[in-house]
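Protein chains: 2
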Amino acid sequence: MMITSRDNELIKEVSKLISASKYRKKSNCFVAEGVRLCRDAASSGALIKSFLYTSEAAEKYNEELCIISKAAASSAEISRELYDRLSDTGSPQGFLCVIDMNSTPRLNEISISGKYAALENIQDPSNLGTILRTAEALGVDGVILSEGCCDIFSPKVVRGSMGAVFRLPFMQVKSMADFVRIQTSSGAVCYASAPRDAEDIENIDFSGGAIMLIGNEGNGLKEETISCCTKRVKINMKGRAESLNAAAAAAILLYRLLS
Amino acid sequence: MMITSRDNELIKEVSKLISASKYRKKSNCFVAEGVRLCRDAASSGALIKSFLYTSEAAEKYNEELCIISKAAASSAEISRELYDRLSDTGSPQGFLCVIDMNSTPRLNEISISGKYAALENIQDPSNLGTILRTAEALGVDGVILSEGCCDIFSPKVVRGSMGAVFRLPFMQVKSMADFVRIQTSSGAVCYASAPRDAEDIENIDFSGGAIMLIGNEGNGLKEETISCCTKRVKINMKGRAESLNAAAAAAILLYRLLS
Numbered sequence: 653m654m655i656t657s658r659d660n661e662l663i664k665e666v667s668k669l670i671s672a673s674k675y676r677k678k679s680n681c682f683v684a685e686g687v688r689l690c691r692d693a694a695s696s697g698a699l700i701k702s703f704l705y706t707s708e709a710a711e712k713y714n715e716e717l718c719i720i721s722k723a724a725a726s727s728a729e730i731s732r733e734l735y736d737r738l739s740d741t742g743s744p745q746g747f748l749c750v751i752d753m754n755s756t757p758r759l760n761e762i763s764i765s766g767k768y769a770a771l772e773n774i775q776d777p778s779n780l781g782t783i784l785r786t787a788e789a790l791g792v793d794g795v796i797l798s799e800g801c802c803d804i805f806s807p808k809v810v811r812g813s814m815g816a817v818f819r820l821p822f823m824q825v826k827s828m829a830d831f832v833r834i835q836t837s838s839g840a841v842c843y844a845s846a847p848r849d850a851e852d853i854e855n856i857d858f859s860g861g862a863i864m865l866i867g868n869e870g871n872g873l874k875e876e877t878i879s880c881c882t883k884r885v886k887i888n889m890k891g892r893a894e895s896l897n898a899a900a901a902a903a904i905l906l907y908r909l910l911s
Numbered sequence: 653m654m655i656t657s658r659d660n661e662l663i664k665e666v667s668k669l670i671s672a673s674k675y676r677k678k679s680n681c682f683v684a685e686g687v688r689l690c691r692d693a694a695s696s697g698a699l700i701k702s703f704l705y706t707s708e709a710a711e712k713y714n715e716e717l718c719i720i721s722k723a724a725a726s727s728a729e730i731s732r733e734l735y736d737r738l739s740d741t742g743s744p745q746g747f748l749c750v751i752d753m754n755s756t757p758r759l760n761e762i763s764i765s766g767k768y769a770a771l772e773n774i775q776d777p778s779n780l781g782t783i784l785r786t787a788e789a790l791g792v793d794g795v796i797l798s799e800g801c802c803d804i805f806s807p808k809v810v811r812g813s814m815g816a817v818f819r820l821p822f823m824q825v826k827s828m829a830d831f832v833r834i835q836t837s838s839g840a841v842c843y844a845s846a847p848r849d850a851e852d853i854e855n856i857d858f859s860g861g862a863i864m865l866i867g868n869e870g871n872g873l874k875e876e877t878i879s880c881c882t883k884r885v886k887i888n889m890k891g892r893a894e895s896l897n898a899a900a901a902a903a904i905l906l907y908r909l910l911s
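First to last, the protein sequences are chains C and F. Taking this note's numbering, I'd label the letters of the first sequence as residues 653 to 911. Taking this note's numbering, I'd label the letters of the second sequence as residues 653 to 911.
Because the hints were derived from the structure by calculation, they are not lab data. Just so it is clear, the structure is predicted and the values come from calculations on it, not from any experiment. A couple of the hints might just be wrong.
Said to hold, decoys possible - Below are the DSSO-like pairs computed for lysine-lysine, each with C-alpha atoms no more than 27 Å apart in a straight line:
1. F/LYS886 to C/LYS886
2. F/LYS808 to C/LYS808
3. F/LYS674 to C/LYS808
4. F/LYS674 to F/LYS886
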């Protein structure tokens with residue numbers, strides 16, 4: 653039976669999951685929207701609690717429909733009108749999954765030979781999504797997020813990450829400074845991306861394991877966090893002494909870390 | 653006298669300049685919004701035809717108000733209500749300039765020892781803005797844009813570029829392939845960012861002048877354009893064989909070009 657009513661319990665739930673970070677945390681679920689993201693969720697083994705689709709999308713993306721329906725605990729058709737009202741994208745494709753957060757990969761321990769990105773208070777969802785996508789493409793082993801980062805399970809981050817949230821292990825930490833203290837004391841090398849008195853990333857040997865710390869869009873890393881790191885590093889900019897966008901800076905830093 | 657009416661000719665003009673690329677081209681003007689962008693316009697020597705501000709903004713940013721008013725051919729106060737209706741940003745700051753396109757820097761010739769970014773059909777305004785900002789920060793000498801790129805003077809690009817449009821010389825070309833043909837025949841080195849059968853950017857000596865070609869978000873560079881280039885290059889990705897976001901890829905490519 654097709655869902656057409658806004659008063660349907662599942663629809664009310666999806667709507668809250670899309671708009672409210674608090675509700676996502678409470679219910680331990682999030683929403684992935686779009687054909688590709690839903691298929692990524694299915695193929696990555698994420699636990700899909702509900703799969704909603706419009707009849708137009710079911711016809712157009714039949715192969716994906718089969719894969720996702722098979723992986724989902726429950727599936728239901730929903731009217732186009734209701735879907736468009738729910739969706740937070742400009743051009744809704746008609747596929748939407750409710751996913752159990754706990755079924756996405758977590759980073760449980762830091763390996764001394766691994767390469768990691770640690771993000772402190774990245775606030776813009778587009779930036780966080782792009783950084784996760786970049787980290788996955790370049791081959792980072794995992795991502796550490798401070799509590800002050802925007803919600804990794806917000807629809808914008810999930811979309812911007814191109815599904816990296818389904819595959820790239822992450823860890824959330826209360827205090828980045830405490831995390832860095834613990835890591836350096838067990839022998840990990842932590843680089844603070846912080847331009848002042850810093851070494852040019854071109855002069856650093858990144859052949860071993862390391863954690864690259866990247867800070868907030870406007871303010872960079874906290875002084876306390878920087879002071880716990882092994883070394884300050886910077887991107888040498890020949891142009892106007894103007895900071896790069898956080899996602900562009902992260903791309904360069906992580907590229908050097910991994911190359 | 654404060655402007656309060658939507659029927660005011662200047663307001664109608666600004667509204668069209670914000671929303672319509674065609675109208676920008678026709679009138680050779682564009683709009684820069686926000687305190688920082690307007691100040692950047694003034695300090696870069698761009699020709700500011702009209703400067704509009706709310707009384708709240710005038711009070712809050714008095715120093716900037718003086719600088720911008722001095723540079724502007726005309727200035728006028730506008731009601732907060734009207735400003736908020738005009739603005740296309742989420743949190744309008746109350747400063748807006750109408751700028752003469754022809755007063756921003758153009759790239760008139762390519763120097764054999766210079767470093768350039770050539771962008772073919774970059775379609776997303778956020779990506780184009782970020783790439784311009786990155787290009788300026790890293791010290792690129794100029795940018796070449798194909799006709800298929802989104803409008804460099806759209807409010808989103810101007811904002812995302814953090815004012816790079818006021819300082820970074822650019823050139824628009826009808827056909828990128830033709831441009832590349834001409835450049836290579838006069839001895840310039842053109843690198844096509846195109847993953848297939850390409851050389852890893854780590855193995856390339858970028859010490860001389862060069863033009864780095866970057867293609868469309870979904871489709872990359874056109875085959876014809878690639879075939880005119882000196883060499884195909886790629887970013888070595890250790891992770892999932894998944895392409896980077898266009899702006900992240902451009903950051904890495906331009907960083908290597910300039911470092």
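So, going through the hints one by one against the coordinates:
1. F/LYS886 to C/LYS886: holds, 24 Å
2. F/LYS808 to C/LYS808: holds, 18 Å
3. F/LYS674 to C/LYS808: violated, 30 Å
4. F/LYS674 to F/LYS886: violated, 36 Å
Hints 3, 4 from the list above are not met by this structure, while the remaining hints are.
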